[in-house]
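Q: Here is how the chains run, residue by residue.
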Amino acid sequence: MKASDRVRTELTDENADGRASASDRRNGKTSGPSESSRTEKIRRAMLLTILPLLAAILTGGLLILALGENPIAFYGTIIDRGIVSPSGLQETLIRMAPLLLIAAGLIVAFSAGIWNLGGDGQFLLGASLVGGLAATVSDAMPRGLMLIFMLGMSAAVGGAWTIVPALMKARYGINEIITTLMMSAIGVNLASLIVKVWFLTPERGLQIPRTRILDVSDRLPTLFGTRVHSGLVIGLVAVIAVHLMMRHTTLGLRLNVLGANVKAAHHSGLKVSKLIVVTFLLSGMFMGLAGGVEVLGVQGLVRAGFNPALTLVVVPLVFLARMNGWVTIAFVFLLSVLTIGGELATRQAGLPNDFGLLIVALVLIFMTVAEYFEARRIRGERTVWQTMSDRLLARGGAGV
Amino acid sequence: MDAESAGSVKDSIAPLIEITGITKRFPGVLANDDISLSIEKGEVHCLLGENGAGKSTLISILSGMTRPDAGTILIEGTETEINSPRQALDLGIGTVYQHATLVPTLTVLENLILGNTKGATLDESEGRRRLDELASILGTDVDPNAVAGDLALDEQQVIEIIKALWKGKTALILDEPTAMLAPAGVAELGKMFQRLKAGGLAIVFITHMLHEAIEMGDRVTVLRQGRVAGSIGPDELRSEQSERLRDRIVEIMFGSEATELGDVAELHVDVLEDHPDQGSLEKATSDAGGRSIGAPILKLDNVSLEASPASHGLHNINLTIAEGEILGIAGVGGNGQAELAEVLAGQRRVDSGQIHLLHDGNLQRIDRLGVHARGQMGLRYVSDDRRGEATVGSMSVSINLVLKKIGDAPFWRWHIMQAGEIQRNAESAIENFDIRTPSADTNISKLSGGNIQKVILARETMSNPRIVIHNKPTHGLDVRTMLMVRERIRQMAAEGVSAVVISNHLEELLDLCDRFAVLSKGRVIGIVENGPDAERHIGDLMVGGTVS
Amino acid sequence: MFDETLITAVLVGAIAASVPLMLAGIGELISERAGVLNIGLEGMMLMGAYGGFWVAIETESIWLGFIGGAAAGALASLVMVFLCVRWGLDQIVVGIGVLLGAEGLTSLLDAATFADTRPRIGITARLDIPGLSDIPVAGRVVFGEPYMVYVTLLAVAVAGWVLWKTPWGLAIRATGERPEAVDAAGVNVVVVRSLAVLSAGVFGGLGGAYLSLVSAGNFIPMMTGGRGFMAIVLAMLARGRPLLLAAGALLFGFATAGTTALQLVGVEVRPEIVNSLPFAVVLAALVLLGRNEFLPSALALPYVRGER
Ligand SMILES: Nc1ncnc2c1ncn2[C@@H]1O[C@H](COP(=O)(O)OP(=O)(O)OP(=O)(O)O)[C@@H](O)[C@H]1O
Ligand SMILES: [Mg+2]
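Protein chains in written order, with my numbering: chain W, 1 to 400; chain P, 1001 to 1548; chain A, 2001 to 2308.
Everything labelled a hint here was simulated from the structure, so no lab data went into it. A hint or two may mislead.
[Stated by the list, open to error] As a list, the in silico DSSO-like pairs of lysine-lysine whose alpha-carbon atoms are at most 27 Å apart:
1. P:LYS1118 with P:LYS1169
2. P:LYS1169 with P:LYS1299
3. W:LYS263 with P:LYS1521
4. P:LYS1197 with P:LYS1299
5. W:LYS271 with P:LYS1299
6. P:LYS1041 with A:LYS2165
7. P:LYS1299 with P:LYS1041
[What the hints assert, rightly or not] Cβ-to-Cβ under 10 Å is the rule here; a few derived chain P residues that face chain W:
8. ARG1374
9. MET1377
10. GLY1378
11. VAL1392
12. ASN1400
13. GLY1539
[As the list claims (entries may be wrong)] From the derived model, a few chain P residues whose C-beta atoms are all more than 10 Å from chain A:
14. THR1101
15. LEU1102
16. PRO1104
17. ASN1145
18. ARG1365
Yeah, the Cβ is synthetic: ideal placement off N, Cα and C, and Gly gets one too.
Okay, chain W solo, but in the shape it has when bound (with noise of 0.2 Å):
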C-alpha cells in the first residue's frame, strides 16, 4: 500500500481527493463562493466543526435520552467539568500534554507518508524507563538536570524503538503497518516486564508492582501556580515546531514529497531511504518524550501493565486536522474536553466510562461527512438532499 497517496500534504492546500480546500476557492474561476477569505474561513470552520460536533451531540443525546438519563445533565457535566470548572479545566489541559506530543509524532510520519501505528509501545517504553529511572537520578543530579535528562532519555527511547521498523521499510520496503504494529505490541509487553523486572519497588505487598515514585517536587514545574505541568508547554512547542517545520524547512518538504510520491523523491534526488529513517525516529522521539511527559508530569511512577493507550484516537484527528498543527491543537483541546468531562459526567449517568468513545467516534464520523459535503459544494455537485427531494418530486409527480 501506498500510505504517501493517501496522507495529504497541506503544504500546498492541496485537494487532490477534490475535498475541500481553500487554494481551489482561490483559483475556482467559475465556481465556488467568492466571499472574502476571513469570513470563508470562519464558514468553513463552523461547517467541517461546528457543525459535525452539533450532530454528534444530538445523536449522542438521543442515545443517552433512550437510555432513561438527562441528555442535558449529561453534557452540562462534560462542559462544566472539561472546561468551565477550574480544576477539571487543569485536568483538561494536563491530558493535552501527552496527546500534543503523539500529535506531533504521527503528523511528522503521516506527512511523510510514513504509518507508524506503533505509538503506543513508544509510549509506553519512553514512560517506564523513566518511571523506572526518575526517582533515582533525582537522588544525584539537581532537578533542572534530571528533568533535561530524563526527557531527552524517554525521546531516545521512543525513537529507539522505531529502529526496526525503519531500517525493515528502508531497506527491504517492508510495510511498516504490519512491523510497527507488531513492534509495538512487542514493546507495550517489554515495558510491563521493565517495571516488573528491574525497577520493582523494594516496598512488600503491593498489589501491582510499581516503580520508585518521583517525589512531587521533582517532577516537570507547574504552571502559574495551577497544577498544570510545563508539560503542556512542551507539547504545544512539538505540534507548531512540527507544523512550521512542515512547511517552511527544507526536511519539511523532502518528507511532503516523499509522503506524496515516492518515485518523485527518487527522481528528484532526494536519499529515500535516510529520510524514512529520519522520520520513523523524529516521530519515535516524540512518542517516547510523550511518554516521558506522562510520567514526569502527571504519574510520577510506572504500575505494570500501564497503558493508556492514546495513539490511536490521535490518528484521526492528525488526519481531519490535515497535519495542520493549529487544527490539531484545537481537536486535541476538544479530545481532552470530551475525555475528562465523559469521565465524570458517565459516572453520574451511571453508564459505562467507555460511552465517551462512542461520542467522540459520533464526532470523528459526522466531522467525516461535513468534508464530504464540502467537498460535494464546492465541485458543484448538487446536495443529497437535493438529489433527493428531486428524486421525490419526480416519484410524486409520476404517481399523479
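Knowing the structure of chain W, use the given hints to seat chains P and A with the ligands on it.
A: Coordinates of chains P and A with the ligands only, in the frame set by chain W:
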C-alpha cells in the same frame, strides 16, 4: 434481409451516435462547452485539438466515465443516458482510454475476461477463443498468460485495443492509441480500421498527429477550449491535398495567429515516409550543420547495468557527446532507453563502467554522484513519466518548479523556504514557457499533459544547464507545444547546451539530432550521423537488431 | 513430561487461539484485496462478540448466536460501506471511528443488558461427536472442539477458491490493484468493494462471536484485546493468500499455547514474554524470509470515478 434494409433506412435518417449540447465543467475549467457532433457507422471520426481542449472529457462522457452537466446523447435516434461504463459497454461502445486501464498484476487473459464472464467460475476458454480471434484481426500474437505489467507499452496498447473490441460491437473509441505505437504499429492500426469500418463499426479516433488524422480519418472534428472549433467532412478530406488540409486543421486548432505553424516539422512526416531519400531531411541536417560543435561534455565508458526479468539492462555502452550536440537515442521502446536515461540522471547506479561530465574545464567522474549533485553540475533529466515521477501531483506548480533544488539558494536560506523567491521563479517560468495554469499555486495534477511538460521543461532548463536528457519529450503533446519543445531544444543547442533525446518517433529524432545511437537489448548497435541516408541506416539497424 | 494431556492442551489451545484470528483475518484479507484497509476490524469483532452472545443468550442457541455475531459485525461494516466505499471518505478516520464507536456501544449495551445478571454459556453447550471424540489426543482436539473449527477451515478454503477461481475473485483482486481499470471493464467497483467490506464485517463478527461464545463463555467489554489488529497484521503478512493466513494464525496459536504449556509443566515464563513471543517470531521470520512483500497498490485509496 428485411431487417437489414430497415436498419439501413434508419441509418440514413439518424446517425449511430449523435451528441448535442454536451457541457462539462470542472472546478476552474469549462472542459466541454455545448458540444454537438455525430458519429456515423462505418466511419473513422477523428477528434483533434490542443492539450486540454476537452477531447478526453468528451469521450469519457460517451464511455460512461463522466456524466455531463448538460446535453443529450442520441443512439440511433433514441435519447440514451450513459451513466456507467457498464452501460456504455452494453450499448456496444468499447473504449481505449488515454491512461492505461490494464491491471498490471493480472495476466493478459485475466484482464480480458474481467467483467466479461458469466457464471460462477472463471471460464477461460471463451476468453482464449476471443483472444485468438481478435489477435488475428489485429495481426499480432500475444501470450495470454503473460502478466500485463511485464509487457512493453506498445504490447499493452494492443491488449487495450483487443479489450475494447471485445465489447465494442457498434462503436470503438480510441484516445491517443498511437502515442505508444511504433510507425509499423500505426500502419497496422490503420489497416484494422479499414476492416472494422467495413464491418460497420463506428470509430472515434483521437490523435495529435495530423497526418494520422488525414490518412486514417473520414471526418475530422477539431475542439478548442471545450468547443467545436470546426470540422472537415469526408468529401473534403478525400479531395483536398494533405498540405492544404493540414494548414486548415492547424488554423482551426490554434486560430489564424498560428499560421506560422504551417511549416511545422511534424508535417514532414509523410514526406519522409513517402520519399525517404529526399526533401526535408536536408533541413534537419543543415540545422545541425550550422551549429558549432565543441569539446566532449559527457563521456560514457563501458557503462553496464545488469539485466533483470523486467529489463534488458545495459551492456558496455560507450558514447561521447560534444558541447552543443544533440544525440538521438533510437530503437524500439523497452531496449534500455529508460535505463540509460536513469543512469545518466543519477537515479540509478551503474553496475560497472564510468561516466564523466565536463565541469570546471575538465571531465570529472560523476557515476558515483546523486541526482542533485549532477543537476548542479548542469546535467538535467526530463523524464517521460510526467505524472508518475517527474512531478508531485498534490503540490503546486511553483513547488514543482523547484523540486530538484530543495535546499538551494535563493529558494532556501538556512534551510528556510523563501516563498517570495519561489513565487517569482514560478511567475517567470509561467511567463517564459507559456504555461497555462489558473495560478502558480494550482496543484500540478490539474494541468493538462502539455502544460505539465512545459513545467518540467522549465525546471530542467532553468539556471545554466550544460546537457539535458530528454526522454520522449513531446509524447502526447499537441502540435504547437511539440514544436515549442523542439524549438527550445534546438535553441539551447545553439547556445552550447547539449541534449540526449530519446524518442520512439524516428521523425522527431531526424528533425532534431546531429547523431543517433541505436539501442537494442541494452546495447548500442550502431552510431549514425544525421544525413540523407540516416533513416534507412537506422531502420536497417533496428530491423537487424531486433531480429537477431 | 510431554504426556498426552499436555499435547492435547497445546493443540486445543493453539486451535482455540487461532480460530478467531483466522476468521477475522480472512475477512480483512478479502477487504484488503479489494483495496479497503479495514482498520476497524477490531470494532467489528467486538460487535460480533456482543451481538453473538446476546443472541445466544436470548435464543439459547449457539448457532443462532454465531449468526447474530455475523450480523452484528456486518452491521458495523455497513458504516464503512457507506462512508468509505460509496462516498470515498478516509478509510483510516472512519475505521478508527468504527472501532471507538463499537467499543463504546458494546460496553454500553453490555451494561444495559447484562450488568445485573452476568450470564455465562456453560461448557456443556459445546458440541461433541460421540465416538469420534473419544479417540485419544487427536480425537479430542479435532472432534471435541466445536464445529466452528470446521466452519473456519471451510471458510479459508472457500475464500481461496472464490479469490482465485471465480469472476468475483478476479474482480476483487483487480479492484485492489487498479479500480479505474475494473470500472472501465464494466464491473461496479462500489459493489465489489461493498461486498468485500461486508464480508470483513461478517467474518470479523464471527471471530468475535467465537471469542465470547466458545473461548470465554461470556461477554466482557474490550474482550478482543487487540486481536483485530493482530488479524490485520496476519492478513497483510499472508500477501493476500488465505492458506498463508491460516498458517500464520496457527503459528500464532501455537506460540501462545506452547508458552502456556511450558507454564503448565512448571517452567516459569512471564506473561509478557508469552505475549510478545509470537510477534518476535514473526518479525524475525519477516526479516529472514519475507522481504519482498505484497500489498495491493490501491489499498486504502478511495475510488471516485473520473477524478484525478
Ligand atoms: N477530473 C478532472 N478534474 C479537474 N479538471 C479536469 C478533470 N479532467 C479534465 N480536467 C480539465 O479539463 C480540461 C480538458 O481536459 P481533457 O483531458 O479533456 O483534455 P484533452 O483534450 O484530452 O487534452 P490532451 O490532449 O492533453 O489529452 C483540462 O483543462 C483539464 O485540466
Ligand atoms: Mg486527452
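Q: Was P:THR1101 rightly flagged as not at the interface, with every chain A Cβ beyond 10 Å?
A: Given that some Cβ of chain A is not farther than 10 Å from that of P:THR1101, nearest at about 4 Å, it is violated.
Q: Is it true that the CA of P:LYS1299 sits at most 27 Å from the CA of P:LYS1041?
A: violated, 56 Å
Q: Verify the proposed pairing of P:LYS1118 with P:LYS1169, using a straight-line Cα cut of 27 Å.
A: Roughly 18 Å between the alpha carbons, so the hint for P:LYS1118 and P:LYS1169 holds.
Q: Once the shortest beta carbon distance from P:ASN1400 to chain W is found, is it less than 10 Å?
A: Since the shortest Cβ distance to chain W is 9 Å, the answer is holds.
Q: Restraint: P:MET1377 near chain W, CB-CB cut 10 Å. Satisfied or not?
A: violated, 12 Å
Q: Hold the hint about P:GLY1539 up to the distance rule: shortest CB distance to chain W must be less than 10 Å.
A: It is violated, given that the least Cβ distance between P:GLY1539 and chain W is near 33 Å, above 10 Å.
Q: Taking the closest Cβ pair, is P:GLY1378 under 10 Å from chain W?
A: Not OK, violated: P:GLY1378 not within 10 Å of chain W, min 14 Å.
Q: Under the criterion that the straight-line Cα-Cα distance not exceed 27 Å, is the pair P:LYS1041, A:LYS2165 satisfied?
A: violated, 39 Å
Q: Is the Cα-Cα distance between W:LYS271 and P:LYS1299 27 Å or less?
A: holds, 26 Å
Q: Between the alpha carbons of W:LYS263 and P:LYS1521, is the straight-line distance 27 Å or under?
A: Within the cut-off at roughly 25 Å; holds.
Q: Would the least Cβ to Cβ distance between P:LEU1102 and chain A come out above 10 Å?
A: Since the minimum Cβ distance to chain A is about 6 Å, P:LEU1102 lies within 10 Å and the statement is violated.
Q: Should the interface hint for P:ARG1374 be scored as holding, given a Cβ-Cβ cut-off of 10 Å against chain W?
A: holds, 8 Å
Hints 2, 4, 6, 7, 9, 10, 13, 14, 15 and 16 from the list above are not met by this structure, while the remaining hints are.
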